[in-house]
Amino acid sequence: MIRTRGLCYQYAGGGAPLRFPDVDLRQGGTLLLRGRSGTGKSTWLSLIAGLRGAGGGDLFVAGTQIGTQRGAEIDAWRARHIGFLPQKLHLSSALSVADNLALAYFAAGLPRDDAFIARALAGVGVAELAQRKPHQLSGGQAQRVALARAVLLAPLLLLADEPTASLDDEAAADALALLQDTAAACEASLVIATHDQRVVRALPGAQVLDLNEIGLQRLLDKREQL
Amino acid sequence: MKSIVQLARLSWRYLWSRPLAAVLNLLVLTLGLAAITLVLLVATQLDRAFERDLDGIDLVVGAKGSPLQLILAGVFHIDVPTGNIPLQDVQALQANPLVAQVIPLSLGDSYQGARIVGTTPDYVQHYRATLAQGRLWQQPMEAVLGAGVAHGGLAVGAAFIGSHGLGGGGHAHGDHPYRVSGVLAPCGCVLDRLILTSTESVWKVHEAATADEPEDLEILKEEREVTVALLRYRSPLAAVTLPRQINADTALQAAAPAIEVTRLLRLLGVGADVLRAFGGVLLAVAAASVFIALWNAVRERRADLAMLRMLGAPPGRVAGLVLWEALWLAALASLLGLLLGHALAQALGWALQAQGLLPVTGLVWLPAEAGVPLLAALVAALAALLPALQAYRTDVADLLGQP
Chain A
1 MIRTRGLCYQ YAGGGAPLRF PDVDLRQGGT LLLRGRSGTG KSTWLSLIAG
51 LRGAGGGDLF VAGTQIGTQR GAEIDAWRAR HIGFLPQKLH LSSALSVADN
101 LALAYFAAGL PRDDAFIARA LAGVGVAELA QRKPHQLSGG QAQRVALARA
151 VLLAPLLLLA DEPTASLDDE AAADALALLQ DTAAACEASL VIATHDQRVV
201 RALPGAQVLD LNEIGLQRLL DKREQL
Chain B
1001 MKSIVQLARL SWRYLWSRPL AAVLNLLVLT LGLAAITLVL LVATQLDRAF
1051 ERDLDGIDLV VGAKGSPLQL ILAGVFHIDV PTGNIPLQDV QALQANPLVA
1101 QVIPLSLGDS YQGARIVGTT PDYVQHYRAT LAQGRLWQQP MEAVLGAGVA
1151 HGGLAVGAAF IGSHGLGGGG HAHGDHPYRV SGVLAPCGCV LDRLILTSTE
1201 SVWKVHEAAT ADEPEDLEIL KEEREVTVAL LRYRSPLAAV TLPRQINADT
1251 ALQAAAPAIE VTRLLRLLGV GADVLRAFGG VLLAVAAASV FIALWNAVRE
1301 RRADLAMLRM LGAPPGRVAG LVLWEALWLA ALASLLGLLL GHALAQALGW
1351 ALQAQGLLPV TGLVWLPAEA GVPLLAALVA ALAALLPALQ AYRTDVADLL
1401 GQP
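Protein chains in written order, with this note's numbering: chain A, 1 to 226; chain B, 1001 to 1403.
All clues stand as given, with none of them false.
Computed Cβ-Cβ distance ranges for the label pairs, DEER-style:
| no. | chain 1 | residue 1 | chain 2 | residue 2 | range |
| --- | --- | --- | --- | --- | --- |
| 1 | A | Glu-170 | B | Arg-1013 | 32 to 40 Å |
| 2 | B | Leu-1265 | A | His-135 | 57 to 65 Å |
| 3 | B | Leu-1385 | A | Ala-171 | 44 to 52 Å |
| 4 | B | Leu-1382 | A | Pro-204 | 55 to 63 Å |
| 5 | B | Arg-1009 | A | Gly-15 | 42 to 50 Å |
| 6 | B | Ile-1004 | A | Ala-173 | 40 to 48 Å |
| 7 | B | Trp-1016 | A | Cys-8 | 41 to 49 Å |
| 8 | A | Gly-71 | B | Thr-1262 | 58 to 66 Å |
| 9 | B | Ala-1397 | A | Pro-204 | 26 to 34 Å |
| 10 | B | Trp-1016 | A | Arg-36 | 36 to 44 Å |
| 11 | B | Leu-1382 | A | Ser-138 | 39 to 47 Å |
| 12 | A | Glu-73 | B | Leu-1366 | 42 to 50 Å |
| 13 | B | Gly-1271 | A | Glu-73 | 56 to 64 Å |
| 14 | A | Ala-122 | B | Ile-1004 | 28 to 36 Å |
If you are wondering where the hints come from, they were derived from the structure by calculation, not from laboratory data.
Since the model is a prediction, treat every value here as computed from it, not as a measurement.
Beta carbons: idealized from backbone N, C-alpha and C, even for Gly.
All chains should be built: construct the whole structure from the sequences, respecting the hints.
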């Protein structure tokens, strides 16, 4: 679940803070984060993941209030509760698929569990690829591996950044379906950052956080200042 | 503990994901450490050999010439002697109240590169050498072999013929064969490389070689000579007067080993310093090379590292990954460097032994060598410092695109 109240972010350079609309997302729900680049999509994601400190407002993610913890605590919290599927998948080319998944254990400081890795790979339908290197995978296979990595530790919140970019219609539909199924399998809330209309059409029931409007607002603010 | 194992395993993987850079860095680091190990081994062994061979010898007396040459020939048996001195003069020294003990040495012949030294049993006692087999010489033409010489295949009871000169290849004294009466146990001193016999044997061989008539033999007996005399003082005060007295009043030369060896070690020390500096330069190059490799690795892997942060790794763990990569290099290079250093010392030992010079071996391990892995770790940690800091500061925003 995600709940924000008056969440805002102050850029280091100064200027007017970025104010985000309030969000209420129930556990297991789906949120579409829309906005062109430059509207604060990445900033909102990094706030939710505890990577940046908010400039103001309250932020609750997966039952935890973010912003009260110290660095190591928030890292440990992120390891346990946030799954992340980046747009560029960032599988480490030096490691096999199974070892890439094991990075999640390493990052969380947990002992490696090969049975779980195998189960996560099977869950996204690529069990047979465990010993391959990332460069031996097709784009779709690589995305499945990255998804398996994201949900390995059964997170409460799954963040997906532009999961359908550069996919054709059929592949995009498959990817979305798999994303939803995988999130549902571990009862995680799902946040999809996208500017792809196909995603919006494919998920009519999802909540939407549209940052284009606040982007417009900021632009107007700046004009007024000039 | 478990996470350290994971860290080590993962950094090992990352290290060998760029095999060329890893091997190059390993090579430079290994060479630097090997050079330093070699200097350490050789310098320590030479110091020890000098110390042991010199122990208890206060003054060396021989013919006029270079004092350093006198010491090298008379104590370490690695140079030709300056000449001979009359036996009478040596006997006069023996009578001097300042002198506690005189050990005469007569050089001149060798057997397969090992010097045949005519002396008294005092020489053996001086180095506290013991017999491994047989007994000491009791009559002329009996010889006792040093432990190193006995490896040549001679055993107690065997006969051998000395050849004139210290190098070998000289005139063979065929009509005066020596008989081996005993073999010394290894003492780790100069005796290991020598063949000992009585002074009379050496005289007998050479007098018979030069004298044609029995009368000549009588005359030669009157003029008997030795090559060097090793002196021990009765009191430290002798050091003040005796060397000056000998050098000024007699045709002999007195050289104090302590002074000459200090001079020699200073000369050798320059060589050691050069080699050590060379090792230092290699290590500095290695540090730079490791630094560049890690810096590039961190840049290449920025996304990987950011992903680790995103997956919940604290910055310290991400930086530790880079540090461990350098430590792996240090560990491997220490191992290879120590082995290579010892192999080089052993090779040098062979080369020196072939020339009958000082004993150096690569088969000893010195406590000071524990410093080599420490040095390697220090160099590696230093090289990894900035890249690790860079990794520590990895910004996850890279992953999320620019805000």
